[in-house]
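J.: When you get a sec, could you build the whole thing from the sequences and use the hints?
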Amino acid sequence: MNALHQFVPALLPRDATGDHTLALRDTLRGAGWESDIYVEAAHDELQGEATSFEEYPARARAGDVLLYQMGTASPVAEFLLGRPETLVLDYHNITPGSFYEGWEDHTAETVTRARRQVAALAPRASLGIADSSFNAAELSRLGCRATAVVPILVALDPDGPEVDPDVRRRLAADHGEATVLLFVGRLSPNKSQHRLVEALWLFRRWYDPGARLHLVGPAVTPTYVAAVFSLAEELGLSGAVRHGEDLSPGELAAWYADADVFVCLSEHEGFCIPLLEAMQAGLPVVAYGAGAVSETVGDAGLVIPSARPSVVAAAVDRVRTDSALARHLVGAGHRRLEAFSMVRTRDRFIEVLTPLAGHRGVT
Amino acid sequence: MASVEPAASDAGEWDAAARARYLSEVMADIDAEVRRRRASGDLPAGLERELDEMFLEFSPVGLHGRARLRETLALVDGSAYVDVAVPVASNKAVGSLVKRTIRKSMGWYIGFIVHQIVKFAWAVSRMFHVVVDRVELLEAAVETERTPELPPSAVPVTDPGTAWWSSEAVAALTGVRGRVLHAECGDGALLDALVAAGVDAYGVDPSEAAIEPAVDRGLDVRAESLLDHLAVVADEALSGVVLSGSVQWLHPNQRDRLVGLITERLALDGVLVLHSATPESWTATTAHLISDLAPGRPLHAGTWAHLLSEQGFGPATVRDGGHDTTLGRVDPAVPEAAVINAAIDAVNSRLLGPDEYLLVAVRER
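Just so you know, the protein sequences line up as chains A and B, in that order.
Under our numbering, the first residue of the first sequence is numbered 49, with each subsequent residue one higher.
Under our numbering, the first residue of the second sequence is numbered 316, with each subsequent residue one higher.
It is possible that some hints are incorrect.
As the list claims (entries may be wrong) - Ranges of calculated distance between the beta carbons of each label pair, as one might list FRET restraints: (1) B/Glu451 to A/Ala267: 31 to 39 Å; (2) B/Glu340 to A/Glu225: 23 to 31 Å; (3) A/Ala167 to B/Arg492: 28 to 36 Å; (4) B/Ser394 to A/Glu281: 17 to 25 Å.
Stated by the list, open to error - Only part of the chain A face toward chain B is listed, based on derived beta-carbon distances under 10 Å: (5) Arg73; (6) Phe127; (7) Thr134; (8) Val202; (9) Arg243; (10) Val245; (11) Ser278; (12) Leu283; (13) Leu350; (14) Ala363; (15) Arg366; (16) Asp370.
Hints listed in this document are in silico derivations from the structure and should not be mistaken for laboratory results.
Think of the CB as a built atom: it goes at the ideal place given N, C-alpha and C, for glycine as much as any other residue.
T.: This is the structure:
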């Protein structure tokens, strides 16, 4: 029986990597493979799903393939470097430390350490799986000798989660008929929420004085978050920029449903699941084409070549006022989601992993 | 705005080229809109830069450094001054009067505190200046001691698979249970021979190009330097190691590190196989570019045996091989034969003889 075991620093519920890891394990088991999950830490809800990575050596068997879900710096990476089994990396990208320098130096150090671990593991891996060509190219540059692009396993039901009606009502009452720009993602320097604030200021000045900006996501970099909201205050936008976090799927769906345009100005994205969530919610997408954004969006969004406030404001206004364009983008978004369907992605994973089952690294 | 609305209501019917053309036309419209705004004065020159600069006011000191040390230090210096002259302007006349009164009455107190804060800030700033000076001196010193790197083309391509010592190495490792690493495995010729003999062998080589043929043949090889690789392999994870290639001219510090790492990573009874040129032949026959720029020199077999025994390896067996450059002695009947042969013996013993050797040692403790 083929055996592929996954290693992940932390297994968390309602987390993209956690959901992906569990879905991949189920996919492999469904295909008749032996597959377990080894972790440094697991959330209480998922204790029964995973085993400590330190227990793996006692369970190791000839012919095992080990797959590492690269996410953050972890002793799991050091452990895998010392293992002789065939290694596969599943890489979702790690934000370069330079984005955090000055804002949060300890985070810069942590992600830099994580990237060093990727660099050490890449030449050792028999295969690097990446959820975008952007990430695959990074793995190749680090010495990974074979790469395959396979999207992340994410459940994108065309109907989407049920919208929380109370939240939807409250949001609508707050802004009335004003245009709402939405971005979903952790508040951190590489996501460039400050540029969204700048764009909102100009958009209000040129097109819609009542427009709002909704930012959804965990405030993981407090110094940056404080700077973003200080900028909003300085520009007279205090009441126009709203932040939501710790949302249930229904609440998040309400924020999507309430918005007019999804705007992403990130300087660095390895994939960006919220772009797909916006398409799923039927929101037209305007996105700055940095990192893997152009690739994820495809032709299902307006990919702008610059994050300058003038370009962003003009693009958002065009999408808002040109109903044919908005309809076109929403339709293209729904079609784009088919490329990331669970069924298709599951098959692709089995396709790229099967040849490794015969590549035995151990005796 | 130019009319670019789709001709078909169902955009899904369009092919990819039509969709791309449509979006491209939309982008051109957006660009034109921005130009129009700029021309009309709605977008004054420098406005967007001012927005960015406004944001930077809320950014941490030294952010742009991605900034260099000196620039960051200048920002620290600029922030070390504390102004005691509190602004007293107010929208209300009485407000200004109250503020001015407070400032005047509290001035002596604030001034005293601020004086100490500024003194402390300048002392800290001064300390950082001293640290930066030292760091820059250290950086300069380290740079002067940098070992020049050999151009990849200067390193000869070896073919250990067909070399005289290949069969000796395979014989020394046949029957070993566990993984065997070949350092600087090149195109994997020796790996082929080891795998054919039933050895679970894999290789590393710093040159990605060199290992391409091995990758194509499905061998387990990695583009990685030996020291980087050994640094992360678990203790006692290897049952055998073959050293060949440029490891023989490592910098002395790196060579010591290599011996230490191999000792830790080899299991007890693990086998070390080392192929090297003799120092004499290496000096005499190696391209000048390599021998001049190489960070170290090959060692004599006896020196390796000594280094390894100190690390817990058993007695090494050494086999000479390669090209034998030994000069033959002249016929004793030749006039002055004794003198000539003495000279030949001296030259042979110091400079000539077999130009390579293979050393095998087993880790005993």
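J.: Which numbered hints does this structure break?
T.: 5, 8
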